[in-house]
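**Student:** So the protein lines, in turn, are chains A and B.
Going by our numbering, the letters in the first sequence line up with residues 1 to 336, in that order.
Going by our numbering, the letters in the second sequence line up with residues 1001 to 1309, in that order.
Calculated directly from the structure, the hints in this document are not laboratory data.
Honestly, I wouldn't trust all of these hints.
To be verified - Facing chain A, from chain B, some residues (calculated, C-beta under 8 Å):
1) L1048
2) T1234
3) L1248
To be verified - According to the in silico footprint, chain B covers these stretches of chain A (three or more CB under 8 Å from chain B):
4) 23-30
5) 158-165
6) 194-200
7) 242-251
Note that beta-carbon positions come from the ideal geometry of N, C-alpha and C, so glycine has one too.
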Amino acid sequence: MPRIPASYLINRVITLFLTVFIAATLIWIIPRLSPIDPADIMLGRMAAGAGSVEGSEDILAQLRENFGLDQPLIIQYFKYLGNIITFDFGLSTASFPTPVSALVAEALPWTIGLMLISIIITFIIGNLLGALMVWDHSPNLVKVAIPAAMVFTSIPPILSGLLLMWIFAAKLQWFPLTGSYGLNVEPGWDWDFMISVLHHGFLPALSIVVVTFGFWALGMRGLMITVQGEDYTKLAEAKGLRPRYILYRYMIRNAILPQITAFALKIGMLVAGQVLVERIFAYNGVGKLLYDAILDQDFPVIQGVSFVIILMTALAVFLVDLVYPLIDPRIRHEGA
Amino acid sequence: MADQTVTQSEEVTAKQIRRMKRFDNPWRNPKLIWGAGILLGIVAIGILGRIFWDPDLVFTGSGMTRQAPVGFENLRGQAGTWAHPLGTDGAGRDVLALLIIGAPNSLFVGVLASLIGMSIGIFLGFSAGFIRGRTDDVIRVLSDVMITIPPLLILVVFQAAYGDINLTMMAILIAAFVWQSPTRLIRAQVLSMRESGYVQMARLSGASTMHIMFREMLPNLVPYLFGSFIANVTTSIVTAVGLEVLGLGPQRIPTLGRTIYEAINSGALIQNLWWWWGIPTILLALMFIGLLLINLGLDEVSNPRLRKL
Chain A
1 MPRIPASYLI NRVITLFLTV FIAATLIWII PRLSPIDPAD IMLGRMAAGA
51 GSVEGSEDIL AQLRENFGLD QPLIIQYFKY LGNIITFDFG LSTASFPTPV
101 SALVAEALPW TIGLMLISII ITFIIGNLLG ALMVWDHSPN LVKVAIPAAM
151 VFTSIPPILS GLLLMWIFAA KLQWFPLTGS YGLNVEPGWD WDFMISVLHH
201 GFLPALSIVV VTFGFWALGM RGLMITVQGE DYTKLAEAKG LRPRYILYRY
251 MIRNAILPQI TAFALKIGML VAGQVLVERI FAYNGVGKLL YDAILDQDFP
301 VIQGVSFVII LMTALAVFLV DLVYPLIDPR IRHEGA
Chain B
1001 MADQTVTQSE EVTAKQIRRM KRFDNPWRNP KLIWGAGILL GIVAIGILGR
1051 IFWDPDLVFT GSGMTRQAPV GFENLRGQAG TWAHPLGTDG AGRDVLALLI
1101 IGAPNSLFVG VLASLIGMSI GIFLGFSAGF IRGRTDDVIR VLSDVMITIP
1151 PLLILVVFQA AYGDINLTMM AILIAAFVWQ SPTRLIRAQV LSMRESGYVQ
1201 MARLSGASTM HIMFREMLPN LVPYLFGSFI ANVTTSIVTA VGLEVLGLGP
1251 QRIPTLGRTI YEAINSGALI QNLWWWWGIP TILLALMFIG LLLINLGLDE
1301 VSNPRLRKL
């Protein structure tokens, strides 16, 4: 087992902490600079519900105190940092006494589930197709069809999602239009619920898959071209091994590892894309939560969701950076 | 047997020569030409549309609501008319006029954000590569950190707190998140280039640092910079459209993303009002395809090994 040098590890940990710290600070500073007062919005919502609110000045002051807005900024900031470490983002203003962390915790499994499934599928399909583009023995059709399909890789998943939604949900009605499970099933670990979840998740996942597999395929093509010229591939051919065996055991196996680092650069875009896909499919993940919060001007939820998503992204990048040297012994670390 | 091989190899060479001739000038790359053509087409829609079509039709209520394009019928069974060749949206806005105004807006945001990001990237990348030491450490760590943060989420917080913004403001905000990749790229290139023969030569002949940076090194970076620029235009437009589809972004200027947002919210998908959301979607998709083709073409221009014979 190769060991990770301490300097590399320290470097990665510092980057992770800085990322989370800067993101948290930005999320905190931006609304403070804005003229809009969250307590005001809260009061406005009460007024909208009840016609007029008596003693609104007192309520406003009380709300400010509850949100901690009456304290000096620097104290507010450190309190906020302390809270955010413990995932305490305060209470949602739209669905008032519910803590933001509870809302996020409810939505997060859906987002992570959808993301893992679509990433695994794209990774397999993309790398396989990328390899076939270079492989001498793949049919000509493959070599023509895949590059043509790559054109779609520049499209953000929200656009492919809209088109797929229209064709398969609105027109053909093969799949449900929105939601993450049917209204007629009880959430639980039973068969009906699982089927319903898969049925609802298919289109959102597909809309991400069709536009992201090309990214992996392109990268794989470049890596396969270099592997193709290597001595060990030549030797395997000279030994008379079956071409398919060479493809899987000699070429793809060696070419696929650098693809994992590409993942670290791509994940930010993937996350943002999925937030929008969840919004159009009204999928119960954090994307929908974020969209609803924007509609309600629910700042604590917007902040909480943004922070959690950025934290997830930073953690994923950190893990990729950490795991990669362990699985690819060809990489040697320097300090940087 | 021998004859066969000879003819085969001759055939190949003849084919290669034909191909070589076609690729003789690397800039006459088909991908590049197609990509540029698509983007020019979109710009042309914006320019010619303003001349030959009435841009005021983008305002609410300039026609009947939910009219179908020419040759189609809407839910009420009304056929489309030439008054609104691409139909109208739920508020009676002309879809053609929306495209004429909205498409160039999206490109504008993308290009402006990318230009600003590029300028920051050139400045920081050269500083890091030349000054090295602490400056380099700070710039490197900062770009590593910022590349992980998805711009959309910070911008959502910003927009939710500030409300309406204009296109230029949106471009500047997005630019704050697209300087990282050019910075990293230029830094890496500068670090490797500064040891190369011609830079050492220039230094020995007493050229100033500015001269070495901008006259000796920068021209060699042009293909990379161009590729990075186009990639950033795509990222910027994706981010802008993302904001608009969430109902944020400019509120008073028609944009393609906002049109899609309104269409989804009005249930246009179920009501089969495909022209309302579909035409802007297709146009945006074309824009991204054009940008991708340019980028692939540029790759082939700067890296001859990718040109297939």
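**Student:** Give a verdict on every hint.
**Tutor:** Right, here's what the structure says about each hint:
no.: 1; hint: L1048; verdict: violated (25 Å)
no.: 2; hint: T1234; verdict: holds (6 Å)
no.: 3; hint: L1248; verdict: holds (7 Å)
no.: 4; hint: 23-30; verdict: holds (count 4)
no.: 5; hint: 158-165; verdict: holds (count 5)
no.: 6; hint: 194-200; verdict: violated (count 0)
no.: 7; hint: 242-251; verdict: violated (count 0)
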